[in-house]
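J.: Given these sequences and hints, build the entire structure.
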Amino acid sequence: IAAQIASLTASVKSYQDSMDRAMNRTQPWEELSTVGSSSQMSTAFNRISQMAQAYRTKGCELEGNAALLKDTKDALKLMLENRYNAQIEKYYDNWWDWEIGCTRPLMNAVLLLYSELDQETIAKAVAAIDRFVPDPTKCYQQKNVATGANLVWVCQAVALRGIAGKDAGRIEAAKNALTPVFAYVTQEDGYYEDGSFIQHSYFAYTGGYGASLLSELSKLMYLLGGSAWEVTDP
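Under the working numbering, the first residue of the sequence shown carries the number 1225, and numbering increases by one thereafter.
Hints were generated in silico from the structure; no laboratory data involved. Hints are supplied without guarantee of correctness; some may be wrong.
Pairs of lysine-lysine, DSBU-like flavour, derived with a Cα cap of 30 Å [stated by the list, open to error]:
1) K1390 with K1297
2) K1362 with K1443
3) K1297 with K1314
4) K1390 with K1367
5) K1390 with K1282
6) K1282 with K1297
7) K1282 with K1237
8) K1294 with K1282
9) K1314 with K1301
10) K1367 with K1297
11) K1301 with K1443
12) K1367 with K1314
13) K1362 with K1282
14) K1367 with K1443
15) K1301 with K1282
16) K1362 with K1390
17) K1282 with K1443
18) K1294 with K1390
19) K1314 with K1362
20) K1314 with K1237
21) K1367 with K1282
22) K1237 with K1297
23) K1301 with K1390
24) K1297 with K1443
25) K1443 with K1294
26) K1237 with K1301
27) K1443 with K1237
T.: Laid out in structure tokens, this is it:
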């Protein structure tokens, strides 16, 4: 645990050191400011999520650090104002970043800092999730049925959004959308009875998407466990 906290601390300090602090800045980090690169958005939100985590982690030297809190809130607001919000009409680059790569770290940061954020920032984050993941059963701009690890990731985002927005319906929708993940499949995406796993129709992804599915599903089931939205699928 100490090693994990030390690694988190070092990473977060490097993020703070490299932040763009110009008065007229529109992005938290200059090296992640390329409009047209969706992966840079995901990277920025992952940094913000780690910063929020360091601020809240017991035993971390940055726990409760006022400067870190300000930097994290500033970075979050810049991203929501200029890169990722409900007013954006068209995706660019990779759909995965818009619906999965950005959504989960965004909501993690919002929930970790919930008591420190103003309601406008929370509302903007919630609205962004509603814009890009309105239905947790679908992905790729709502054109495809979400399957496998993609489904679990989308459900995570919607469940966290439901908690942040105090919307029981959204949490329920995320929980219900998980049902297909638990059944064995005989074709295309999912787990097979022999333990193998397929994603993207025919790729053997047991150690990739398959491992991610198990890891992220366990987190979501733990989060909802003991609540009115506990996962009860057989």
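J.: Can the restraint linking K1362 and K1443 be considered satisfied, given a maximum Cα separation of 30 Å?
T.: Holds - the C-alpha atoms of K1443 and K1362 are around 20 Å apart, at most 30 Å.
J.: Taken at face value, is the distance from the CA of K1301 to the CA of K1314 at most 30 Å?
T.: 21 Å, holds
J.: Hey, K1367 versus K1297, does the alpha-carbon distance stay inside 30 Å?
T.: 34 Å, violated
J.: Going straight from one Cα to the other, do K1367 and K1282 come out at no more than 30 Å?
T.: At roughly 42 Å apart (the allowed maximum being 30 Å), K1282 and K1367 break the hint.
J.: If you draw a straight line from the CA of K1390 to the CA of K1297, is it 30 Å or shorter?
T.: 21 Å, holds
J.: Is the straight-line distance between the alpha-carbon of K1367 and that of K1443 30 Å or less?
T.: 27 Å, holds
J.: Assess, step by step, whether the Cα of K1237 is no farther than 30 Å from the Cα of K1301, and give holds or violated.
T.: 19 Å, holds
J.: Check whether the Cα positions of K1390 and K1282 lie no farther apart than 30 Å.
T.: Given pair K1390, K1282 holds - Cα atoms ~26 Å apart, limit 30 Å.
J.: Can the restraint linking K1390 and K1367 be considered satisfied, given a maximum Cα separation of 30 Å?
T.: Distance ~27 Å between K1390 and K1367 Cα, so the pair holds.
J.: Mind checking the alpha carbons of K1301 and K1282 for me, to see if they're no more than 30 Å apart?
T.: Judged against 30 Å, a Cα distance of about 25 Å means the pair holds.
J.: Does K1390 lie within 30 Å of K1362 when you go C-alpha to C-alpha?
T.: 22 Å, holds
J.: Given the hint that K1297 pairs with K1443, does the C-alpha gap stay at or below 30 Å?
T.: Holds, because 25 Å separates the two Cα atoms, which is no more than 30 Å.
Hint check: violations occur at hints 10, 13, 20 and 21; the rest are consistent with the structure.
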